[in-house]
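Number of protein chains: 4
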Amino acid sequence: MAETKGLKVVVIGGGSSYTPELIEGFIMHHDRFPVTDLWLVDIPEGEHKLRIVGQLAQRMVEKSQLPITVRLTTNRREALVGADFVTTQLRVGLLEARIRDETIPLRYGMIGQETTGPGGMMKALRTIPVLLDIAKDMEELCPDAWMLNFTNPAGMVTEAILNHSNIRAVGICNSPIGVYKWLTSLYEVPMERIYAEFVGLNHLHWVTQVRIDGESKLEELLANRDGYSAKNVPQYEWNASFIRSLGAIPTYYLKYFYLTEEMLADQIESSAREGTRAEVVKRLEDELFELYKDPELAEKPKQLEKRGGAYYSEAAVNLMTSLYNDTRDIQTLNVRNQGILDFLPADACIEVNCVVTKQGPIPLPVSVMPEAAKGLIHAVKTYERLAIAAAVSGDRGLALQALAHHPLVTSVNKAEPMLDEMLEQNKAFLPRFFAAQTV
Amino acid sequence: MAETKGLKVVVIGGGSSYTPELIEGFIMHHDRFPVTDLWLVDIPEGEHKLRIVGQLAQRMVEKSQLPITVRLTTNRREALVGADFVTTQLRVGLLEARIRDETIPLRYGMIGQETTGPGGMMKALRTIPVLLDIAKDMEELCPDAWMLNFTNPAGMVTEAILNHSNIRAVGICNSPIGVYKWLTSLYEVPMERIYAEFVGLNHLHWVTQVRIDGESKLEELLANRDGYSAKNVPQYEWNASFIRSLGAIPTYYLKYFYLTEEMLADQIESSAREGTRAEVVKRLEDELFELYKDPELAEKPKQLEKRGGAYYSEAAVNLMTSLYNDTRDIQTLNVRNQGILDFLPADACIEVNCVVTKQGPIPLPVSVMPEAAKGLIHAVKTYERLAIAAAVSGDRGLALQALAHHPLVTSVNKAEPMLDEMLEQNKAFLPRFFAAQTV
Amino acid sequence: MAETKGLKVVVIGGGSSYTPELIEGFIMHHDRFPVTDLWLVDIPEGEHKLRIVGQLAQRMVEKSQLPITVRLTTNRREALVGADFVTTQLRVGLLEARIRDETIPLRYGMIGQETTGPGGMMKALRTIPVLLDIAKDMEELCPDAWMLNFTNPAGMVTEAILNHSNIRAVGICNSPIGVYKWLTSLYEVPMERIYAEFVGLNHLHWVTQVRIDGESKLEELLANRDGYSAKNVPQYEWNASFIRSLGAIPTYYLKYFYLTEEMLADQIESSAREGTRAEVVKRLEDELFELYKDPELAEKPKQLEKRGGAYYSEAAVNLMTSLYNDTRDIQTLNVRNQGILDFLPADACIEVNCVVTKQGPIPLPVSVMPEAAKGLIHAVKTYERLAIAAAVSGDRGLALQALAHHPLVTSVNKAEPMLDEMLEQNKAFLPRFFAAQTV
Amino acid sequence: MAETKGLKVVVIGGGSSYTPELIEGFIMHHDRFPVTDLWLVDIPEGEHKLRIVGQLAQRMVEKSQLPITVRLTTNRREALVGADFVTTQLRVGLLEARIRDETIPLRYGMIGQETTGPGGMMKALRTIPVLLDIAKDMEELCPDAWMLNFTNPAGMVTEAILNHSNIRAVGICNSPIGVYKWLTSLYEVPMERIYAEFVGLNHLHWVTQVRIDGESKLEELLANRDGYSAKNVPQYEWNASFIRSLGAIPTYYLKYFYLTEEMLADQIESSAREGTRAEVVKRLEDELFELYKDPELAEKPKQLEKRGGAYYSEAAVNLMTSLYNDTRDIQTLNVRNQGILDFLPADACIEVNCVVTKQGPIPLPVSVMPEAAKGLIHAVKTYERLAIAAAVSGDRGLALQALAHHPLVTSVNKAEPMLDEMLEQNKAFLPRFFAAQTV
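Keeping their order, the protein sequence lines are chains X, L, Y and C. Going by the numbering used here, the first residue of the first sequence is number 1, and it counts up by one from there. Going by the numbering used here, the first residue of the second sequence is number 1, and it counts up by one from there. Going by the numbering used here, the first residue of the third sequence is number 1, and it counts up by one from there. Going by the numbering used here, the first residue of the fourth sequence is number 1, and it counts up by one from there.
Hints may be right or wrong, so weigh each one.
Because identical chains share one entry, a pair is satisfied inside a single copy or across any pair of copies.
[To be verified] List of simulated lysine-lysine pairs, DSS-like, C-alpha gap at most 25 Å:
1. Lys5 - Lys282
2. Lys427 - Lys136
3. Lys217 - Lys358
By construction, these hints were calculated from the structure, which means they are not laboratory data.
Let the hints inform the model, and build the full structure from the sequences given.
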């Protein structure tokens with residue numbers, strides 16, 4: 001291949017506790033993805049954490065003896081100049097905002113979750129404008145770079161970027177690779193012998209095919225409904241006859257929709273017992289940063305696995321490697337629909353299998369579309385598009401419509417005061433909503 | 001026009017308390033719709049009521065001095081021979097079944113309603129096979145006749161007939177004509193000067209345009225949200241800012257979706273106070289039949305208007321008249337989608353404006369499709385199609401999927417025992433579900 | 001109805017020989033379409049003809065004793081102020097340009113016709129920019145007016161207006177009403193008892209249903225293939241077994257596609273014998289204008305019927321009357337596809353049955369789509385869209401692509417010099433193509 | 001991988017002169033595609049050629065020292081039992097029929113070609129029933145086998161198989177791999193560094209993207225229009241400004257459409273000079289079989305390359321290898337549309353890039369769809385579907401409609417006698433057309 005210069009990668013939200021995973025990935029795959037300039041960027045408020053994580057990253061690279069330079073900065077525009085790949089893993093409003101996302105809805109009798117339901121909408125309203133600003137910088141400073149967006153709600157954020165900027169962006173989540181990892185351990189085969197087909201949206205997918213060496217394993221997986229789970233979603237057993245007649249494996253996030261009552265009861269109970277998931281994560285992160293400070297530490301600590309974002313790094317490095325090398329392998333990503341799901345708009349962002357080429361991921365037609373899932377996918381996508389439009393415009397009416405049409409919102413009459421409370425509490429992060437009023 | 005013979009009309013469920021409305025309609029419009037043979041058909045269990053209503057019908061016709069023969073029978077096949085129009089207004093399991101539809105879901109903490117939610121599904125499971133039997137008879141005995149299906153859930157029943165028989169059928173509901181009547185009284189103009197555009201499904205529509213002599217009245221109607229209501233749906237005021245940002249007038253049935261919590265609380269309270277709606281209706285019907293018995297009575301009694309099916313007769317006679325005379329006027333009907341709503345299957349039954357020609361109603365493209373409504377329409381249609389498939393096949397798994405994907409069902413874990421209870425209690429009317437087990 | 005003021009109608013190309021037909025229509029239907037201000041507009045070069053026709057129009061109105069004022073002007077903008085309806089019936093480059101459209105292609109061995117094939121493209125390239133200028137004036141001077149576009153190629157011109165301006169426009173052709181007239185005379189019934197369904201594009205439609213009082217007459221019409229014809233298309237008998245297996249009645253313009261060789265031979269022979277159709281028309285028009293000059297003449301002369309545009313006036317007045325009165329009757333018009341033909345873009349202009357409401361025509365879904373016709377419709381529409389894009393941009397490459405993809409063009413190698421000759425000869429009317437070069 | 005048994009491959013039309021190419025491919029790729037049982041099947045009339053080619057195949061295998069058994073048979077059903085892969089490369093009516101396909105249309109002034117135009121239709125009418133018989137045998141004898149259909153017209157034959165049988169089939173052509181080979185030699189890079197995107201139908205495709213290591217080469221290829229060519233299509237230079245404004249590289253078969261006049265003149269001239277292409281091929285084949293008889297020959301002779309089907313073997317072995325090994329690489333194949341081209345039916349067969357998985361090829365959404373090509377693709381597909389329906393039903397009316405709607409047929413009046421002559425001359429191979437008449 002003609003390209004010989006090394007690659008410049010920018011990690012926005014570089015002070016995240018996840019960063020060591022990513023560093024490990026870059027080190028392990030350096031032969032196929034020769035990053036030479038690695039920039040960790042964070043906002044001034046996060047500089048302290050950036051310093052701690054960044055120094056660990058530098059120690060990890062040093063130990064690897066690879067020609068990678070790690071740069072730490074709070075000047076995003078400086079970092080972006082001439083970048084080849086930009087990853088985004090940020091949290092507008094930090095964990096404090098997440099605590100509010102998880103608690104306010106609960107007070108109105110509705111699911112309080114970081115990416116799903118009213119909490120997810122608030123996160124979207126805060127986050128989309130920030131990501132659009134980053135995209136605008138990229139249009140100017142590195143127009144050919146790929147953005148890999150990990151920032152949640154990843155599907156909505158990616159759709160906003162794809163439809164409101166001109167950069168090249170892909171949304172990515174660790175949930176699909178988690179399914180692969182579960183299957184590799186269940187069947188004791190390497191990932192490349194597995195064929196799994198996903199359909200749906202981010203945090204709202206169904207697995208409709210599982211094959212090992214071409215042979216279907218779906219029926220036996222449905223019969224044995226234990227399924228896979230995730231750290232940040234309570235472990236609930238699926239109803240066996242429901243799963244069998246569904247004929248597909250739902251992601252654990254679908255428990256918020258299929259088992260709303262139970263999940264809500266669990267949230268109320270566990271937040272009383274141990275605080276919200278955000279508070280649990282906050283304690284975990286504090287512990288992690290204590291570990292990261294250790295000047296002897298030069299590798300990813302084991303404890304990071306408890307954190308919930310398992311395989312993020314692997315998913316990210318796989319995608320960058322395939323984009324760079326034109327590998328044309330199949331990965332499950334968040335991309336423009338382009339007619340794959342014929343009941344959704346062509347520019348809606350969906351989560352499906354893609355072939356990753358140098359020109360970007362090409363979504364694959366789905367071979368199985370569970371009829372039962374169509375309505376729910378469309379209902380959530382309808383909410384998502386209304387919420388994206390609200391985030392971009394700062395229009396309260398659109399935000400109210402988004403809530404009113406979310407399947408987990410049980411009363412428009414309650415949605416309105418809940419919205420007002422959420423907007424008020426997030427005021428500092430919602431200039432598009434509040435700008436007009438201050439005039 | 002060449003046709004000179006009079007028309008044969010068959011009313012299945014002729015013993016219904018609504019029948020006098022229909023008779024009144026046939027009498028008033030006899031010049032344009034010259035019915036000569038009118039058959040009222042009911043099942044043997046309904047013969048007593050058929051007799052009472054039928055005799056009233058005969059007195060009404062006699063008084064009109066029109067050349068109409070009214071025949072009463074419990075032999076459906078005899079009645080159908082050579083019919084031109086067949087209307088269906090029946091209730092499998094009578095009001096007793098409706099009481100169960102309205103009470104069982106309430107015990108599981110979900111909306112209990114005759115046509116919407118789990119109760120509506122039970123009604124569909126009981127009703128669809130009976131209507132398919134009628135359609136089969138029609139294929140044989142009057143293959144060119146039109147069926148006007150009033151039987152609820154009218155959209156689902158009509159979709160089942162259109163996709164599982166070869167007869168010509170249209171679904172019809174009094175809710176759209178109710179909107180027109182509300183507008184005629186509000187603006188004091190005749191119906192023909194009003195243009196209202198409907199989009200959605202039966203009992204799940206939005207009015208997206210209202211024009212008087214071409215001038216839009218929508219904004220002022222949205223600002224004044226009082227809206228219209230129906231006897232069988234509790235009167236709730238819509239949230240004003242919700243209605244304004246929605247930009248369309250939702251049918252009162254949409255309160256079950258947009259105000260689920262409030263409607264559920266109201267159901268619990270009112271069923272404790274006065275019994276379910278079914279029980280209220282039962283009392284009203286008993287009173288009506290007492291009136292009907294009066295041998296002096298030869299017209300529709302005023303009290304019928306309390307019953308809830310206002311304008312049914314007018315809607316039905318309008319449709320028959322237009323089909324017969326190739327009138328090509330616009331009516332809101334339940335017909336095959338055929339691409340009008342591009343996100344739904346072509347063979348889904350939808351409720352939209354149609355031009356009524358002699359060859360049948362042709363659905364009109366919608367000029368406004370509220371983005372916010374798409375997901376909910378698709379979610380409910382997904383449930384409907386699963387429930388229709390369950391009704392046709394007697395497959396419990398499909399019925400469970402239908403419930404699991406209904407927006408008003410809040411837990412699959414609760415849906416399963418609720419389904420079992422509902423199936424068990426309706427056993428006598430569900431041969432397709434229970435036949436296999438008896439073998 | 002509240003509206004009491006009379007209507008202002010502007011006829012652009014008012015000096016056309018067709019105008020007396022239109023005047024007759026306004027007079028006959030004045031009770032339902034109360035025009036009070038009628039402006040006939042033409043370009044300065046056409047002032048002489050405008051004077052002759054206009055004075056005949058004034059005599060016709062005077063004789064009618066109706067309160068209509070006829071105004072003649074060459075100041076289009078003055079005429080358009082506050083107009084309610086604008087009709088366009090103009091010919092950029094006059095009959096001289098049509099002669100070139102009909103003769104240049106013949107020299108390259110291809111069909112030379114005013115609206116079909118390379119000649120039609122040249123007409124489109126000359127005409128579209130002029131109509132867009134009129135539309136621009138209307139946006140400013142009468143934004144709520146309806147434009148009824150008769151100007152050929154009517155489908156392409158209308159598509160250009162609909163997609164490149166904000167005015168309300170409908171394309172209209174006398175060919176569909178001609179089918180109705182043929183059927184009324186064949187079956188001796190009034191038009192309102194006929195139901196004919198059209199599908200396709202302007203000058204490229206198929207009639208797929210013909211019903212009298214609801215009864216199908218299609219099979220007998222196909223068996224008797226004589227069909228209807230038009231003054232400006234040579235009379236050729238259709239091949240009987242072709243028409244029967246086609247199962248639809250093709251418009252006479254389809255002979256250019258289905259009988260290309262014979263039509264081409266006929267054009268070569270008849271243009272040698274009597275000149276092109278344009279030259280024949282020119283002689284007819286000269287005769288008509290001689291008649292129009294007669295100060296005793298105060299009605300449409302019989303000879304006008306030879307001209308070829310039979311029923312234009314009736315079609316136009318019908319459409320204006322229905323738009324004005326919200327009649328909601330069915331007319332065959334050129335409107336936006338909006339999904340009616342699912343294989344064409346939503347914004348393509350098609351010719352189909354529409355319900356005419358006060359808000360405009362609503363296209364009706366087609367009940368029969370002949371599979372055999374799809375490819376030809378799409379091929380011609382592809383050409384049309386390329387040609388429209390060429391007309392708007394002045395891009396020679398697009399014009400070459402349009403020709404290369406026209407089904408009647410048999411060689412790209414010949415298309416290129418033919419295009420160059422046509423552009424050169426129409427230079428005076430193609431500022432968008434030649435502007436850049438003069439700089 | 002668990003599978004250890006060798007593979008059984010059946011070559012139907014094994015007596016073809018192409019077979020040595022295929023044998024060479026199986027030998028070269030035996031490590032990745034371990035065929036052990038290779039059956040060459042032909043009809044009794046072809047037994048002599050089967051013997052000659054088969055013995056050469058056996059000598060080639062022997063020389064390779066691989067564990068492959070080559071079996072020769074005229075008993076197709078015996079060969080198919082338990083097959084893993086079946087390839088079809090047959091010619092119903094032999095080269096004599098092809099001579100008729102190429103000469104009859106010429107006499108009516110139309111293109112005479114083996115796969116394109118009226119000749120291609122006749123080939124389809126003869127061939128489709130035979131392939132459906134093979135598919136029926138496969139349903140019974142090897143239901144899990146893959147059929148690789150090379151038999152022309154490959155797109156139409158494959159569509160017929162996919163829609164009228166239950167086997168797994170892919171259509172394959174050497175034309176796309178020919179483009180890759182041309183690019184490898186032009187840019188001196190291996191195939192895997194090239195990314196080319198194809199869109200269209202078999203023998204009617206456009207190349208819309210060419211990238212080497214991700215960098216676009218399309219513009220420079222369009223500027224240098226020499227293009228690639230094929231042995232069986234005369235070499236004509238494309239018109240330079242046409243190719244540039246088209247923005248895609250058309251297959252050489254598109255010259256029949258874009259340069260109809262020139263191609264027709266060339267056919268008339270060359271068939272007078274050297275006979276039809278069929279006759280040229282016949283002479284070539286006779287020479288090849290003379291060579292094949294040489295008992296010393298144990299490899300593919302060089303002269304085979306003149307024959308016209310270059311890279312057939314490579315394309316076939318690539319596809320079988322990828323299906324067998326779940327390689328998930330991109331190949332250009334003829335498969336069900338499934339919404340990829342949204343203007344064609346979902347079950348139409350199209351030629352596009354696919355990812356080849358063990359479950360079969362998955363077509364990739366096209367990233368560029370040239371607007372100019374849509375109409376022609378749809379026109380040819382319309383013809384193809386009518387012709388397939390005619391082949392399956394034996395309906396002369398459908399065959400006439402197919403011709404009438406083929407872009408290369410210039411007169412329905414000529415199409416009818418041409419059809420009659422072609423049917424009559426192919427009577428022996430058209431039982432579905434003539435069966436009814438003999439009763």
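Which of the stated hints cannot be reconciled with the structure, identified by number in ascending sequence? 1
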